[in-house]
Each structure stands twice: as C-alpha cells, then as structure tokens.
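*Asks:* Listed here are the chains, written in short residue letters.
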Amino acid sequence: MVERAHQLMADPVRPSIGPCAMTPGDAESFDDIYRRLWRPMIRLAVGLVDEIGLAEDVVQDAFAALYRRWDALRDPRAAAGYLRISVVNGSRSVLRRRRTSRRSLHLLADESGPAADESSVLSAEHDMVRRALAALPERQREVLTLRYIAALSDTEIAAATGLSPVGVRSASSRGLAVLRRDLGGQL
Amino acid sequence: MNDFEERLQNLLNEQVDARVEARPIPEFFVDPARPDERRPRPAWLLPLLAAACVLILGGSVLTAAHLFGTPDKRQETVGSVPAPTDSASTTIAAVSPTPPRSAARSTSPPPRARPAASTTPHRVRASSHRVPNPPARVRTSALPPTRTPTTAAASAPTPPPAVCDAANLVITDPRAEAGPAGMTAYVVFQNAGDTACTLQGRPLVVPLDASGAAGTAGNPAVDVPDPAPPVLLAPAGLAAARIGWTPPDPSAATGSCPEYSQLRVTTPGTATDTVAPVAEVMQVCNGADDSTSLTVEPIAAGYPW
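Line by line, the protein sequences are chains E and U. In terms of our numbering, the first sequence is residues 1 to 187. In terms of our numbering, the second sequence is residues 1 to 305.
One chain only, chain E, in its complex shape (with noise of 0.2 angstroms):
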C-alpha cells in the first residue's frame, strides 16, 4: 500500500505546465505555501494519526519532501495534493510503527485516549466519534477522514489514498454503514 501510494507521489501532482509557462513572479512561493497550508494539513494529520504531536511530526516531513522536491515542482499549485499524499503515507507509517510498538508492550488497552489538557474542552460525543472513527479499518478511516475533516472531493481522496475512486466509495459507504451502526442511536 505504501509502495503504490510512493509511486503515486511521482505521477498526479507533476505540474502540467512546462518550466516557462509560469514567470517566478506568479510564482507561490515556499514560504507562503508553508503558511497557507500548514494548519489544512495539521488537521488531515491530526484525524487520521490521532496524535497531535506525531501529526506534527508527520507534517513536518511531508513539508521537508515538498522542500527537497521544489525545484522539480514548478506549478505551485500540485504542492497540495503533494503533501496530502506525503501526509497520508507519513500517517500510515507512524501508525504501522505504533502498532508494533504497542503490541510489543502490550499496552492495547487505552490505547486511543486523548491527553488530559485536551479531553477537557471535547463533550463525550466528540470522544466517541474519535474513538469510533480510530476504531475503523485503515482504507475507511483514511477515507472518512479525508472526506469529512479535510473535505476532499472522491477524485482528491482516490489521488491522496492511492485508491481506485470506485475503492473510495466503497470504503466510505462501509465506513459510514460502521459508524452509523455504532453511534446512530448516540448521535
């Protein structure tokens, strides 16, 4: 999954436009993506990492792969789907890595609660739907996630997941028959 998503990276954000077709004076500059993005791609990473501190981590790196990457990106405009594809491996590795982590230490239990500063300002829906949400398979919480917290359009999630769109719809209508099944009467 990984290794197909790598090789995504390579072919949907290639800049359509030719080196001459943009005059660097149009041209976005890294500094203003890394503003104007950081906080979108934050809170992607927050939803489908669960971590604030390892999503930081992950945005972090996916902005260094778009830093090390910016000469070979002329259209500033790919940088989005870019890092959303960078983000979406980042989380996938950092949950791999926790997951054997965790099950090496046993400590399965417990394991999606939030920190206490946080816990304080989020009502006990907004737990459960996190909980709910992290309790899904990968496929259908990446998707979930980047449909309902990063409001992407089914052609952005399948171009960020490395999905078929036809796989996108499935996992999302499982997805959402999962958590309808589990929070329907809660909500």
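Treat the hints with care, as some may be off.
Computed Cβ-Cβ distance ranges for the label pairs, DEER-style [stated by the list, open to error]:
#1 E:Gly53 to U:Glu6: 28 to 38 angstroms
#2 E:Ser93 to U:Leu55: 52 to 62 angstroms
#3 U:Leu49 to E:Arg169: 46 to 56 angstroms
#4 E:Glu28 to U:Gly58: 34 to 44 angstroms
Derived coverage of chain E by chain U (criterion: at least 3 residues anywhere in the stretch with Cβ under 8 angstroms from a Cβ of chain U; other residues may be distant) [claimed, not checked]:
#5 32–42
#6 152–159
#7 168–181
I should point out that these hints are in silico values taken from the structure, not numbers from a laboratory. Beta carbons are placed, not taken as given, at the ideal position from N, Cα and C, and that holds for glycine.
Knowing the structure of chain E, use the given hints to seat chain U on it.
*Replies:* Below, chain U without anything else, positioned relative to chain E:
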C-alpha cells in the same frame, strides 16, 4: 449528505479544531527562503546572451557580405572583358603515388592544402621536382569561354555559383593506397577563390614525365558530363577525384611501366589545366595491349583522408 453524516462531520471537525487551533505554526526547520533564491537567473546572464546574439548576427552579416559582395564588384570592374575565369579559382592539391610501403606513410605529415597566391605557381617540393619548363598555367582567355558570367549577372543579387576553374597548384603529401585493384591516390581540389563554385564530373588527368612530355596514359575526355552530382565548393572547400593505376608487378605480365613525375589536371567543364608535380614518382603500367591503366573517377565532395 444526511443528518447523521452532517452531525458526524461537525463532531469530527470540532474535535480536530479543538486540538489544532491553539497550535502555532512552527518554524520550518530549513530556511524556507532558500529554494526561491535559486530560481532567479544570474543578473549577468541576460546581457551575456544579448551580446552573444549580437555577435552571431554581426558575424553572419559580415560573412554574407563577404560571400556575395565580392563577385559583383569584380564583375563590375571587369566589365565586358571576355573570359576572366579566375573569379572562382581552384587549387588543385594533388596527387601522388606512394608505392605500397607503409613506412613512407607514417612519416608524412597530414596533407594540408595551402591556398596559394594566384599569381605564382606553387611549388612546394620544387627542389626535387622542379621541371625544366615551369608548370604551364594555360589561361582560358585564348579559348572560347563557355560559361563566362555576363555583365548582366552583375545586377543579380546572388549569382549562381560558377564552375570551378583551375588556377593554383598545391602539392601535398598524398597517400597513395595499394589496394586490390592497384594504386589509388587523390587529386584534391581546393577553392582558392572568394566565392563558391561547382565541380561536376571527371577531371582530365594526364601524367607527364620529368621533361613535361605527356605520357601515353590518361583518360581521354574532359568535357564529357558524368552522372556524378555537382559538388559545391565553398571558399577553401575541398573536393577530390580518385585516380587509380596498376603498379609494376614482377609476377604479372604487364606492358611497359613509364615513370611520371607530374600530372596535368584539367578541371571538368573548363579548358584550363594545371600541372602538379607529384610527391613521388608514380609508375603507371600499361596493359598488355599497351592501353593505359590510369583511371580517373568523378569528383566527390570532401577530403578523402
């Protein structure tokens, strides 16, 4: 989107925003301004490119003026004087045989044709190959001009290239090759004029002995048009015609093998001939029926070595 989805979306976004909103955007750990600094071109690049363009343009204009301006002036000064055929004079760099000894080849310097002043016959190896009568340069003024540019051509902006005319003679170190069919050498033509000219067909090559007497060898015709394509010779451009002959061979029955030290070369389409001493005496054997074995091929573009 139904009520459940809407409620779900609101709750998810609220809990994410509650965790994210308070976070300040951290400083990016690499100076984010750096990639932008790499993008602008150096300031000196544009003036440099502009200067290069101006130089190239000026150079091509000068070259064009040099190429096409000269013949007009000449024809105006010449007027209607008949047959000044040296407007595109040709250097014949020739030719000479080396017996099939590889040692002689390795020591010879690369043949570099030298355009000589058009008024003096060029004798590079004069000490060894000087002949009693100097190489005769027969001017075509006494002969009927066949393709003399008329005065009307002076008004044309770009007259078509004239037929190359033999004027100068340069001796190089030709590399005669011993092949299966005998000896091979090249008669090399270099355009010593200021304008391009054309050569088409087979030159007349008559070997001369040391006294300047024509031998029995030699191809007969000069003006016979050959199917070979015309060769356009730019100023200082080179073309060559390959000649071949049978060297003495003790094991084969050949006729007499006279020795020749000069070649009289007549460029095709003209009546001008040039005598070129050969670097080494060539022995051209006649066949058993006393016919010559010297063959001459049509002129081809380029430098054969």
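*Asks:* For each hint, tell me whether it holds in the structure or not.
*Replies:* Results for each hint:
1. Distance hint check: the CB atoms of Gly53 (chain E) and Glu6 (chain U) are about 30 angstroms apart, consistent with the given range 28 to 38 angstroms.
2. The supplied range of 52 to 62 angstroms is met by Ser93 (chain E) and Leu55 (chain U), whose beta-carbon atoms lie about 56 angstroms from each other.
3. For Leu49 (chain U) and Arg169 (chain E), the Cβ-Cβ distance of about 54 angstroms falls inside the hinted range of 46 to 56 angstroms, so the restraint holds.
4. The beta-carbon spacing between Glu28 (chain E) and Gly58 (chain U), approximately 42 angstroms, falls within the hinted interval of 34 to 44 angstroms.
5. Figure legend: the segment 32–42 of chain E, annotated as covered by chain U; annotation consistent (5 residues with Cβ-Cβ distances under 8 angstroms, at least 3 required).
6. Coverage of the segment 152–159 of chain E by chain U is violated. Counting CB-CB distances below 8 angstroms, 0 residues qualify, and the rule asks for three or more.
7. Counting residues of the segment 168–181 of chain E whose C-beta lies closer than 8 angstroms to any C-beta of chain U gives 3; at least three are required, and the coverage claim holds.
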